[in-house]
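> Sequence:
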Amino acid sequence: MDSPTPAPAKAPIGSLRALWPFVRRHRGLFGAWLCALALSSAASLSLPVAFRTMIDEGFRSGSAGDIDRAFLLLFVVAVALAVATAARFFFVSLLGERVVADLRTQLYAHLISLDAGFHDRTRSGELVSRLTADVELIRNIVGSVMSIALRSTITAAGALAMLFVTSPRLAAWALVGIPAAVLPVVLGARRIRKISRHSQDRVADANALATETLGAVRTVQAHAREDYERGRFADAVSNAVATARKRIGAQSLMTGTTITLFFGAITLVLWSGAHDVIAGRMSAGTLIQFVLYALFGGGSVAALAEVWNELQKAAGGMGRINDLLQEAPAVVPPADPQPLPLPVRGEIVFEDVTFHYPQRADTAALAGFRLRVAPGETVALVGPSGAGKSTVLSLLLRFHDPQVGRILLDGIDIRRLDPVHLREAIGLVPQAPTIFAASASENIRYGRLDASDDEVRRAAEAAEADAFLDALPEGFASELGERGARLSGGQQQRVAIARALLKDAPVLLLDEATSALDAQSEHAVQHALENLMAGRTTLVIAHRLATILKADRIVVMDAGRIVAEGTHAELLAQGGLYADLARLQFLD
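Residue 546 is where the sequence shown starts when you use my numbering, and the numbers rise one by one after that.
Check each hint, because a few of them may be wrong.
To be verified - Here are the in silico distance ranges between beta carbons for each label pair: (1) A631 - A983: 38 to 44 Å; (2) A563 - R826: 49 to 55 Å; (3) T1112 - R905: 29 to 35 Å.
Honestly, the hints are just simulated from the structure, not real lab data.
Since the structure is predicted, the reported quantities are computational estimates derived from the model, not experimental observations.
All C-beta atoms, glycine included, are put in the ideal place defined by N, C-alpha and C.
Can you make the complete structure from the sequences, with help from the hints?
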């Protein structure tokens, strides 16, 4: 499936500005970090003065007391720097963890709220990559790079000011190196930002491929395609590495050029200062102080160059996260949702519904579809593949909205209902049941989270699932494995039926609910399905004769339209599509 079209590369500040609301939630940590950062920077900028005092007032005077005081001052400054730096690291690292946790939580909540159309066109592996790899980039930005950037900026500005205080003439010469160092940063920023985003896209491609293949590992092994998949993944990783190499090369060139130009200018300035000391125009301590401030300033500018590189890399990641956060679901609750009348009777009406899937806009999945299902009635939908049967269920669950017409539940347009309340009134047993990597009881309780253990067991008994669940090593507390790997297909289906029984919704949708069952399992489940369907409005998609015969009405669909309806006997007598399907699928 197609992934979202990448957004154009954005300026780092424009992309990373979206982080501020997450940082602002933790004002206490942010303020503590700023205070520790201020103390750490002040201590750093005090070190050169302490060294000058030690040289000029300690060694020059020759007094033991002056030397003791000078070294004590140096030690006090060093201790203050150590304590402030440790506090800064603690506060900013914890801030980074909490910001990333908030960002990941919000992104995940947003993703599961997006409509089915978005997930149909987006690879789940790419979404997982954005939740992991891209968010980890943000952890680095908040927990490290942000602190380094601000500290380096303060240190560079403070060092520059102190250079002028120490020696205005030498400081003026030193300024020549700053524009020379900044120039490659400015010139290379746009290219690095573009390469960084491209690199992260290739990593996402590799992750998506791995997720897809591992999710279908039995199919891969059944076709003996391990070598083929290894080759595909190796190619995807190689593409990611090749793109990353371009980014690393550009960053390395920019960093090396910046440091060379800056320290080259500083070396020339210090050469001039050394001649001033020899000529007696400057003390040795003052030159040492100037040297240290120049080193601090140069180191800070070099750090800023590397930070800039990291910002370009993170800007690509944050841009991709922003793309997701800006995705608006096509199916949204109304501003003033209308409540469902209680109890829900379960009358369903499709009024001239026409619907096209976004991926197949030229072909109508449903065209002028009209259907009324009375409360408590069981209606079976039959027809060839692609007739639109599953689309009827998807629209009723409001996974999509029709382009034309409307769908009513108890006389209310379902677009006037909150989708959560609508879906709470509908039970679903799909063709391929979803079994979570959790215990059997947790899987059944997914139908109603507040259900007691006794209610879970009664639902399992009604679904004829209690016997095989009790036979598991830990009974209902046994973990079922990823995608229910510890259960057969028929057993998974019965767990899904137990889940629907526990939900006890007034409207029931059965999408090939017995397709995965053998004859013995189907017989065991059929009574449970009859109990489940009793008194409920039920829409059934089925090819099994037993389910069709028990329906109050059979609706035959073809190419998104209803072509016939009636009982099994009536439709057989009419001939046509249903009679053909019956001969092919049932009577044989």
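> Each of the hints needs a verdict: does it hold here or not?
Here's how the hints hold up against the structure:
Between A631 and A983, the C-beta spacing of about 42 Å keeps the proposed range 38 to 44 Å intact. Here the CB-CB span from A563 to R826 is close to 53 Å, well matched to the stated 49 to 55 Å. The given range of 29 to 35 Å is respected by T1112 and R905, whose C-beta atoms sit roughly 33 Å from each other.
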